[in-house]
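Reading the sequence shown from the start, the letters are residues 153 to 405 in this note's numbering.
Please keep in mind that the hints were generated in silico from the structure rather than gathered at the bench. Think of the CB as a built atom: it goes at the ideal place given N, C-alpha and C, for glycine as much as any other residue. Certain hints may be false.
What follows is a set of in silico ranges between Cβ atoms, one per label pair, in the way DEER data are often shown [claimed, not checked]: (1) I197 - L305: 36 to 42 angstroms; (2) L224 - S163: 41 to 47 angstroms; (3) L362 - N244: 23 to 29 angstroms.
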Amino acid sequence: MANIQDIRVWSPALQKTVPVAQVVSGFETAFENTVIRGRDRIQTIITSCNPTGELATPLFNRLKPQIEAVELPPGYSLSWGGEYEDSKNAQNGLLSVLPVGFLLMILTSILLFGRLRQPLIIWLTVPLAIVGITAGLLAFNGAFDFMALLGALSLIGLLIKNAIVLIEEIDQQIEEGKLPLTAILDATVSRLRPVAMAAATTILGLIPLLSDVFFVNMSITIMAGLGFATLLTLLFVPVLYALLFRVPYAENA
């Protein structure tokens, strides 16, 4: 009890620390029933921490092997909960329905154009975002956690939209009577500004989330992936369109 009275606390009025005995009149002790925590009817000891100045995922990945290397007494076991457990459960639930979602998206793109080559071009642009996502997470020391996975899925929709806009413009100009090569060049130039501006506004809108520990990996994923993939899409889609539709380079010569 004497040690408790010597604990110093901050006094806003005096702007310094004072012994706790000067703040309270005294201490009373009372008996309380012991709290026994358990998970799945097994007595459990729970420890937790909140990192400061560092993201939780990189710190967890660094400390996890060190903690698991500790030899436990017989009858004891170690399991991870908290954010790690919640993220793992959420990923398992999401990955179970992910193939169905991708299948519906692919079928929708095929029905939209009524052909296979245009959807093939569209979906071949999706892997371009992986380079940007990887570079962004490495540059900002981020981790591909559950929130980053959600950002990647959102990014796929944005990239598909950009590719659809560009391919539809090419097809429309060809239907209007332009030569395929001329239509590809004109459509790319005409769609450059709206596609780039849409990507820029999305990236700028995500900047405030960089300071949020919960959303930082998702924002990095979308910003880096969208910025890198948008530039490559404006180059990759026209080239791939010309290759798959066998557009001659010197057709208008």
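To see whether the hints hold, each was checked on the structure:
1. I197 - L305: 36 to 42 angstroms: holds (37 angstroms)
2. L224 - S163: 41 to 47 angstroms: holds (44 angstroms)
3. L362 - N244: 23 to 29 angstroms: holds (28 angstroms)
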